[in-house]
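For chain A, the structure is supplied; the task is to place chains B, C and D on it using the hints.
There are 4 protein chains.
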Amino acid sequence: MAESGDRFVHDITVRWSDCDPANIAYTGRIPNFALEAIDAWWAAKIGIDWFELNLDRNTGTPFVKLSMEFLSPITPRHTLRCTVRLTKLGRTAMTFAVDGHQDGKASFAGEFVCVAVQADRFKATPLPEDMRLTMESLVDAEG
Amino acid sequence: MAESGDRFVHDITVRWSDCDPANIAYTGRIPNFALEAIDAWWAAKIGIDWFELNLDRNTGTPFVKLSMEFLSPITPRHTLRCTVRLTKLGRTAMTFAVDGHQDGKASFAGEFVCVAVQADRFKATPLPEDMRLTMESLVDAEG
Amino acid sequence: MAESGDRFVHDITVRWSDCDPANIAYTGRIPNFALEAIDAWWAAKIGIDWFELNLDRNTGTPFVKLSMEFLSPITPRHTLRCTVRLTKLGRTAMTFAVDGHQDGKASFAGEFVCVAVQADRFKATPLPEDMRLTMESLVDAEG
Amino acid sequence: MAESGDRFVHDITVRWSDCDPANIAYTGRIPNFALEAIDAWWAAKIGIDWFELNLDRNTGTPFVKLSMEFLSPITPRHTLRCTVRLTKLGRTAMTFAVDGHQDGKASFAGEFVCVAVQADRFKATPLPEDMRLTMESLVDAEG
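So the protein lines, in turn, are chains A, B, C and D. Sequential numbering from 38 applies to the first sequence in my numbering. Sequential numbering from 38 applies to the second sequence in my numbering. Sequential numbering from 38 applies to the third sequence in my numbering. Sequential numbering from 38 applies to the fourth sequence in my numbering.
Warning: the hint list may mix true and false statements.
Unchecked claim - A few chain B residues that face chain D, going by a derived Cβ cut-off under 8 Å, partial list only:
| id | residue |
| --- | --- |
| 1 | Asp48 |
| 2 | Ile49 |
| 3 | Arg52 |
| 4 | Trp53 |
| 5 | Cys56 |
| 6 | Asn60 |
| 7 | Asn69 |
| 8 | Asp76 |
| 9 | Asp86 |
| 10 | Trp87 |
| 11 | Phe88 |
| 12 | Leu92 |
| 13 | Ser109 |
| 14 | Pro113 |
Stated by the list, open to error - Pairwise CB distance ranges, derived in the manner of DEER restraints:
| id | chain 1 | residue 1 | chain 2 | residue 2 | range |
| --- | --- | --- | --- | --- | --- |
| 15 | A | Thr171 | D | Leu108 | 52 to 60 Å |
| 16 | D | Arg158 | B | Lys160 | 51 to 59 Å |
| 17 | D | Arg158 | B | Arg114 | 39 to 47 Å |
| 18 | C | Asp93 | A | Gly141 | 37 to 45 Å |
| 19 | D | Thr129 | A | Gly141 | 50 to 58 Å |
| 20 | D | Pro163 | C | Phe159 | 45 to 53 Å |
Hints listed in this document are in silico derivations from the structure and should not be mistaken for laboratory results. Predicted model only: the values in this text are computed from it and were never measured. Glycine residues also receive a C-beta, built at the ideal position from the N, C-alpha and C atoms.
Okay, chain A solo, but in the shape it has when bound:
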């Protein structure tokens, strides 16, 4: 059962190196912020990050889709707070909503869909049972 309201927050220090000559984080960096937040969600909520998941459990989660809205420019002046929620859990597919805020203002809203695969064959496969059980308790469909 979904434990309503489960939200994981991952803070990112945006840096000079992330910014382009417009003095804001380059567009191409922003999906990377959101992906970093999802990787951090795995480490915190499932207890295993993408690296260990792939190498130690032979399980990958390649993305099949992503969409993002950029709501206000991102700069190094404030921490970028990224909220991650697992919003859908299928047999092999997972959907994450990732929202970014700086200084109380929405920076971006994104949705990311990935699929569990057997890493050494790149073949869709149900998630390992232990992870799936944990995930079921975390789905936050209400958003």
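Below, chains B, C and D without anything else, positioned relative to chain A:
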């Protein structure tokens, strides 16, 4: 008037540095490939790249939205051919469709929406007239 | 006077996204880790990060030289502890030593030389007096 | 025998995405430009890029050392011409000199040392014989 079928192809050499331990281009790199293709479209079709557009013409084109579908894994084994089309042109907004192929197979399909701004104020503004005229001749609404 | 032994430690979570198909952090990422540690040193020790230094104080610190030795592979399995020391302070030039460790083992050792410039002219200039005084108290020539 | 003067040139289009708010390529991008040039050298001169070398020949070339001097700021206004030379060839180690120029002006000069390893064991090993022979003909010690 839209000159039907205007398509710009930008080739990218995918490299070792783009790949993660799954031996494929990291998800976070792929929006960057598409953005590079759009920057190359500006240079080829409008005659000015993002850097010059911002610094020399005081015009930025920050993105407000992007969505991508990842259709097959991207590797360094083949050139990544990125097709860029301008599919919508509003008063300040532009929509680009970017599709990537490797070895004849679809790698990704994406849509990117940006808005022209006065660069030093980050304020939406119509595109400079000369660019707008060129763009009108390039819109490929049929896709 | 140099306060002997001043060392700043900046921790980096190495991620899947940093790694290449050899399952270790890509070489090109490693100078970026060290630079991030230096930017963090500025924020912690001087009270201003590179972004604010450039935009609010019109002072840049472009690098003129760097050298790194890679001592053992870097992976996401352990925190990357980066130690930053200011080892030389000239009229306009600064030298930083940055060392990285994972799990008690040396990962890299690097030296980075930068020069203060007036940001809007890219012209070498002495550091602002307040920063210079703070820096003088931090130089750790013994290494 | 060294064929004196063998120089490989790899051109890079520097982009908006490579630049920071100082309107020049970010320092952390520059080692990546040089590494890209070395990867391109492998593809052109040895006939195999790093990706294939690792995956198809079980041979990696991790870097053990790099040093770079930054001689003038790099911008998108001119092509970055990177010259790659193999300057030393040991039993397992190789040294590359990579120099970057824009518009006839030196941008950077760098030296990169790597070691051949058996990729699946990360253990130093002599290069495969075919590659070694090709490399011997390419060493340009005079620089």
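Hints, verified against the model:
1. About 12 Å separates the beta-carbon of B/Asp48 from the nearest beta-carbon of chain D, more than 8 Å, and the hint is not met.
2. Given hint, B/Ile49 at the interface with chain D, is violated; its Cβ is 11 Å from that chain's nearest Cβ, farther than 8 Å.
3. Against a cut-off of 8 Å between C-beta atoms, the interface hint on B/Arg52 holds, since the closest Cβ of chain D lies about 6 Å away.
4. At about 4 Å, the closest approach between the beta carbon of B/Trp53 and any beta carbon in chain D falls short of 8 Å, and the interface hint on this residue holds.
5. Contact between B/Cys56 and chain D, as hinted, is supported at the beta carbon level, the nearest pair being about 7 Å apart and thus within 8 Å.
6. Taking 8 Å as the C-beta contact cut-off toward chain D, the hint placing B/Asn60 at the interface holds, the least distance being around 7 Å.
7. Annotation: interface hint on B/Asn69 holds; nearest CB of chain D at approximately 7 Å, less than 8 Å.
8. Hint on B/Asp76 holds. Least Cβ distance to chain D is approximately 6 Å, under the 8 Å limit.
9. Taken as an interface hint, B/Asp86 checks out: its beta carbon lies about 6 Å from the nearest beta carbon of chain D, inside 8 Å.
10. For the restraint placing B/Trp87 at the interface with chain D, the shortest Cβ-Cβ distance is roughly 4 Å, inside the 8 Å limit, so the hint holds.
11. Restraint check, B/Phe88 versus chain D: the minimum CB separation of about 4 Å is within 8 Å; hint holds.
12. The closest approach between the C-beta of B/Leu92 and any C-beta of chain D is roughly 7 Å, which is under the 8 Å cut-off, so the hint is satisfied.
13. The interface hint given for B/Ser109 is violated, since its Cβ lies 17 Å from the closest Cβ of chain D, which is over the 8 Å cut-off.
14. Evaluation of the B/Pro113 hint against chain D yields a held restraint, the C-beta minimum of about 4 Å falling below 8 Å.
15. A hinted range of 52 to 60 Å holds for the C-beta pair A/Thr171 and D/Leu108, which are about 53 Å apart.
16. For D/Arg158 paired with B/Lys160, a C-beta distance near 58 Å keeps the hint of 51 to 59 Å intact.
17. Between D/Arg158 and B/Arg114 the beta carbon distance is about 24 Å. The supplied range of 39 to 47 Å is therefore violated.
18. Taken as a hint, the range 37 to 45 Å is violated for the pair C/Asp93 and A/Gly141, whose Cβ atoms sit roughly 21 Å apart.
19. A C-beta distance of roughly 55 Å is found between D/Thr129 and A/Gly141, which places it inside the suggested range of 50 to 58 Å.
20. A beta carbon spacing of about 46 Å between D/Pro163 and C/Phe159 agrees with the range 45 to 53 Å that was offered as a hint.
Hint violations for this structure: numbers 1, 2, 13, 17 and 18, all remaining hints satisfied.
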